[in-house]
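2 protein chains.
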Amino acid sequence: MDKNALRSLSYGVYTVTAWDNGRPTGCTANSAMQITSSPATIAVSVNHDNYTNSVIKELGKFAICVIAEDSDAAVIGRFGFMSGRDTDKFDGIPYSVRGMMPVPDAACAYICCNVVDTMETATHTVFLGEVTDAGVTRQATPMTYAYYHNVIKGKTAKNAPTANF
Amino acid sequence: MDKNALRSLSYGVYTVTAWDNGRPTGCTANSAMQITSSPATIAVSVNHDNYTNSVIKELGKFAICVIAEDSDAAVIGRFGFMSGRDTDKFDGIPYSVRGMMPVPDAACAYICCNVVDTMETATHTVFLGEVTDAGVTRQATPMTYAYYHNVIKGKTAKNAPTANF
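Protein chains in written order, with the working numbering: chain H, 1 to 165; chain B, 1 to 165.
Please note that the accuracy of each hint is not assured.
Each pair may be met inside one copy or between any two copies, as identical chains are not told apart.
Pairs of lysine to any residue, SDA-like flavour, derived with a Cα cap of 20 Å [as the list claims (entries may be wrong)]:
no. : residue 1 : residue 2
1   : K57       : M119
2   : K3        : A146
3   : K57       : E130
4   : K61       : M119
5   : K3        : D133
6   : K153      : R7
7   : K3        : T137
8   : K153      : T141
9   : K57       : T123
10  : K3        : M100
11  : K61       : D72
Hints listed in this document are in silico derivations from the structure and should not be mistaken for laboratory results.
Only chain H is shown next, with the shape it has when bound in the complex (with noise of 0.2 Å):
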């Protein structure tokens, strides 16, 4: 098996965020996409390893915040390599809340979401969301991960699916 096949798949870089216990937190995915048009809804995968995962299952809410090729790659890398746990992210982040959800202003588009359906894996959760509300907060094209790694070179995040956040 030539694992590089897998690096051959398409994915954006995003922001999940939801909820804890009134303060906002968040991780950095790549593994989010569209599974339905009507009712919307967008499947996200998120280690079990992060502090997310277990915020998201309590409040049963997420946002995916669309990171754009402009937004700062701090957010990426805050959001990527640290922890919730032990880590108020949001701090110094300029946010502000859109569909009752924290949203990064570094992000470019959002989607928030309400959890229908998880499906457990050996090492991440899938959440079903359905959307309840989504905004576009500015123009501007969004990041692919390939862009990510090859014009940002960006670290790989330990917790990452693909192993190369």
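Take the given structure of chain H and dock chain B to it, following the hints.
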């Protein structure tokens, strides 16, 4: 809700293939992502109305074939706008058998999977597959959905989850 936000998620372009009683068939998809790295698993979303959906359920296997920017767009159209129920989609499409699955020559990589779980939604089945074989067949840039939409100006297939294939 501004549905334009949903269009800011990033995707690739894939042919999802399977064997229908020994006959190769498949469909075009954009919603595929790696879920876990060890063991490697991939999730792909396939509309209930796609003949390939029932074929995968019967076979318990599928292959994700990665379409490249330089792939013949006719393959995308053929697998996206016709039904394998009444059409031999591989007729005239050069392909080889890799990891015991049919892989169009137009693809630049393939990932063969055994179905290990499914999640049903209103209109789509999310298949979770454990990777049994994978390979890169040629060096090429994987096509993103954005490239397909913006450069190739691809049409929309009615059963694509994002309603914009």
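Consistency of the hints with the structure:
| no. | hint | result |
| --- | --- | --- |
| 1 | K57 x M119 | both (12 Å within a copy, 17 Å between copies) |
| 2 | K3 x A146 | within (16 Å within a copy, 24 Å between copies) |
| 3 | K57 x E130 | within (14 Å within a copy, 25 Å between copies) |
| 4 | K61 x M119 | both (15 Å within a copy, 19 Å between copies) |
| 5 | K3 x D133 | between (37 Å within a copy, 9 Å between copies) |
| 6 | K153 x R7 | within (15 Å within a copy, 25 Å between copies) |
| 7 | K3 x T137 | between (36 Å within a copy, 12 Å between copies) |
| 8 | K153 x T141 | both (18 Å within a copy, 17 Å between copies) |
| 9 | K57 x T123 | within (15 Å within a copy, 24 Å between copies) |
| 10 | K3 x M100 | between (40 Å within a copy, 17 Å between copies) |
| 11 | K61 x D72 | neither (25 Å within a copy, 41 Å between copies) |
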